[in-house]
Amino acid sequence: MFDFKPTDQDQKRRFLVRAVVAGILAITCFGLLGWRFWVLQVERHESLAARAENNRIAVLPIPPRRGDIVDRNGEVLARNFLSFTLEVVPGRAGNLDEMLSRLTPVVYVSSADQRRFKRRVTESGRYASIVLRNNLNETEAAWFSAHSLRFPGVELRARWVREYPQGKAAGHVVGYVGRISESDMTMLEDKGELGNYRGTDIIGKKGLEKTYESVLHGKTGFEEVEVTARGKPVRRLRKVDPIPGSNLVLSLDMELQRIAEDAFKDQRGALVAIEPATGDVLAFVSQPSYDPNLFIDGIDVESWRRLNESPDHPLINRPVYGTYPIGSTYKPFVALAALELNKRRAADRINDPGYFEFGGQRFRNAGSTYFGSIDMHQALVVSSDTYFYSLAPEIGVNALHDFMKPFGFGQITGIDIEGERRGVLPSTEWKKNAYKKSEQQRWFAGETISVAVGQGYNSFTLMQLAQATAVLANDGTYMQPHLVRAIKNPTSGQERLTVAEASHRIPLKSENVQAVKRALADVTVSGTARQAFVGAPYQTAGKTGTAQVYSLRGGKYQSSAIDERLRDHALFMAFAPVKDPKIAIAVLVENAGWGGSVAAPIARKVFDEWLLRNPKGSVAPR
Amino acid sequence: MKLLFKFLLRGVTAFDWPLMIVLLLLGATGLLVMHSAVGGTDWRYADHLRNLLIGLGVMWVVAMVPFQYILKFAVPFYILGVILLLGVEFFGSTSKGATRWLNLGFIRIQPSEMLKIAVPLMLAWYFHKRESSLRFYDFFAAGALLLVPFLLIVKQPDLGTALLVFGAGFCVIYFAGLSFKLLVPLLVVAVVGIGGIITYQKDLCQEGTDWVVLHDYQKHRVCTLLDPNNDPLGKGFHTIQSTIAVGSGGVYGKGYMSGTQTHLDFIPERTTDFIFAVFAEEFGLYGGVTLLALYLLLIARGLAIAIRAPTHGSRLLAGALTMVLFVYVFVNIGMVTGILPVVGVPLPLLSYGGTALVTIGIACGILMSISHYFPNAES
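Chains A and B are the protein sequences, given in the same order.
Residue numbers for the first sequence, in our numbering: 1 to 622.
Residue numbers for the second sequence, in our numbering: 623 to 1001.
Heads up, some of the hints might be wrong.
[What the hints assert, rightly or not] If we take Cβ atoms under 7 Å as the criterion, some of the chain B residues that face chain A in the derived model are:
no. : residue
1   : Phe797
2   : Ser801
3   : Gly869
4   : Tyr874
5   : Tyr878
6   : Met879
7   : Leu916
8   : Ile921
9   : Val949
[Claimed, not checked] From the derived model, a few chain B residues whose C-beta atoms are all more than 10 Å from chain A:
no. : residue
10  : Val634
11  : Ala636
12  : Ala668
13  : Val683
14  : Lys803
15  : Gly817
16  : Val911
17  : Arg937
18  : Thr959
Calculated from the structure, these hints are not laboratory results.
Just so it is clear, CB atoms sit at the ideal spot from N, CA and C, and this is done for glycine as well.
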């Protein structure tokens, strides 16, 4: 019938004992609570009652002023202006609809503002202060103050509002601030910073605004005011001033930045220019860009959709987020590897019949070219694929990996902006970890061939190429690249450098470096980039390249035949002057085909500006 | 006609009246305090009333289900709960940094809440099955049944709920006869551990000290408990203000609707986890002790039902559910008065929040079902 058994008396008695013990535990714990009530409500009653009375003293947070962001010459990229806002505490304002209908004749509140306000009322607590309208002009502010008694719970406040006077220029570098979201709150809570953000409603969301949030924000101060029993402040008792956030002094030069951005016209692409000796990033371009001002107050749906759904992907920070096989711009580094690892001497010649045969397979030069008998110098100048194919089996993928790693290829460069991707610097080890199936995990010798010309599994950010170029220009000394040069205390004016010394030095033989640099110098004189540098009064070392977007399965590349967005990306890496380089650069123009004709002229414009602005061409303005 | 009458009769007799009266008194207190906490009758007050009625309805329905059927639900309910927890682990949605919710398309559910019932039910079922041939290793099996959902909830992370689930399961194991020889040393270790933390709090709470097993935010909570003044604008604010509210209430309280802490906005979360501060400020020591007495009556009645219950399984379950209610009350009031860390545990029947009220409704419903469970009479 039922799955029960008559209860054993013995067991019942045992349960009784345990129930009594549990009951005793409950009584003990409640006794503990009762004792605690006694302590608080009788023994400490007087002092706590006094503190409750003192709680007539309200602690009001005073948010700190957020630090400014300026370029290396003091030109402003981000600052704050004081704006009047109308804020409402719904719990004190009575019927909200009725309040709004009485308020609108006094101060105009658009229907969009009203909708946003109502949405935020449902999202926040009833006693949170919610912004009803921003940017009141002085007349409106004065007009409201005169009528403020009629609107309990509605307050006029002066707030710092963020603005980005440069608009789209360097938009990806600065990033933007936005309203503190729930996940931001949790993050702040985890860091124990929630208290420091009372009274603040914005936080860095992207770019430097995000990376340097803790520096820019500052420390919240507070004010103790005596309030009436109904919560109205009557007298200030004590004030602890907020500590304003520090200013960021960028290594960027806005004039150079604008010239670099304009040089792209309406093409998509990325550019990073670095001062090799310091690691200062002089220009950092991601085209198309966006106007960060759109995001400050919460972006409207229409603009968001336009940005987010655009096929040009303006929100992607291309130099650090896009990863590409960098093609021929990898060759100088492969050449240097061959020299350093004693796999080939610079003067050794090989025959280039237009292809390299390996394991019964033919690896062809791009564009059906052949160059005959060439040495390393010529191979770089004409960009012979065959020469570098032939290096691949001699160096081997793992030795190449170990050589490239300290240059920063496939590594986080450590640039001070969020969202950097690592990319892939292939090795047998990497392939074993990257794939699940055992047949895919094996490294094939043929795969090394395409790796040696910068194709295949190679996948680097443009930032990495720029940094590696800077390291090469700097004879192997790795300065961590940085957009922020110094953090400046706004009160004392003291500056603290972000990067003061080299991260590491790659031991390179000077003669090998010079051999590669000489070849690269010839690229801009008689090689693939000669047209872009005709008549330049300084000497440039560079290398063109193309990054494959569309893989050609045996077919022939014909730019006119395939969709524009599947065309190759044009690449260029360079530094100048060859002796004592002042600027190193990497340029990528998306779907523009060949690097020499599109990417190199952009580099030329940037070099001209940087090296010729100051006629002596040596010390850049600071 | 006769059937309908029988059904209606069952509907009335389903209640365990002593338990019902205590619950009604607590519910009425809840409405009274909520009225003051929201400063009048606004939507929160109406919501709380509605939630109380829903909880009552759920309790009524559960109370009408004969207990042997409830026990049959144990295994599927438990398995479903664990599957949903796994679902949260892999497909859950994250809110406020913790992954607790599972979106089923038409409804968003928080499976960890249902484990508060499912775990003790499952363990009671297990011990019931193994009653005649109970061995030592059964306690290990039971421990495993308890640890799986517990660890899944800890991982979310939701320490408050995890502790309640653990407490519920542990109570079943305790009532099933876990040896005192094991329990007493555990208790000693716990007391020594807590004593140690309090003694060495200065070193432990230093910036950068890694607590290995606890998240940073949990460390922050414990350290804030030890010295709320560490973080007066943030977390410590809760504890400081709630102890001020309780203490300033004194012996007689400040009077209904006259708590300054409450009405000047100094008590955070005053409708939910910290509602006891509102109560204690306005009704003082007398009120607090009366409320404790009410809860003690609830627990006493629950234990009485457990002791009189006819089968092993029903005894264990009734005992465990009662002790869960006790843990709710103790942890919540302990937290408000500043002797326990701030964890999200509501005060039964007083705190705002529908989910918790439904859980408590189910627990009380099962208690009532057990109270009129007489397998002999029906067989």
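Hint check:
no.	hint	in the structure
1	Phe797	holds (5 Å)
2	Ser801	violated (11 Å)
3	Gly869	holds (3 Å)
4	Tyr874	violated (9 Å)
5	Tyr878	violated (16 Å)
6	Met879	violated (13 Å)
7	Leu916	violated (11 Å)
8	Ile921	holds (5 Å)
9	Val949	violated (9 Å)
10	Val634	holds (24 Å)
11	Ala636	holds (19 Å)
12	Ala668	holds (14 Å)
13	Val683	holds (22 Å)
14	Lys803	holds (14 Å)
15	Gly817	holds (15 Å)
16	Val911	violated (6 Å)
17	Arg937	violated (5 Å)
18	Thr959	violated (5 Å)
Hint compliance for this structure: hints 2, 4, 5, 6, 7, 9, 16, 17 and 18 are broken, all remaining hints hold.
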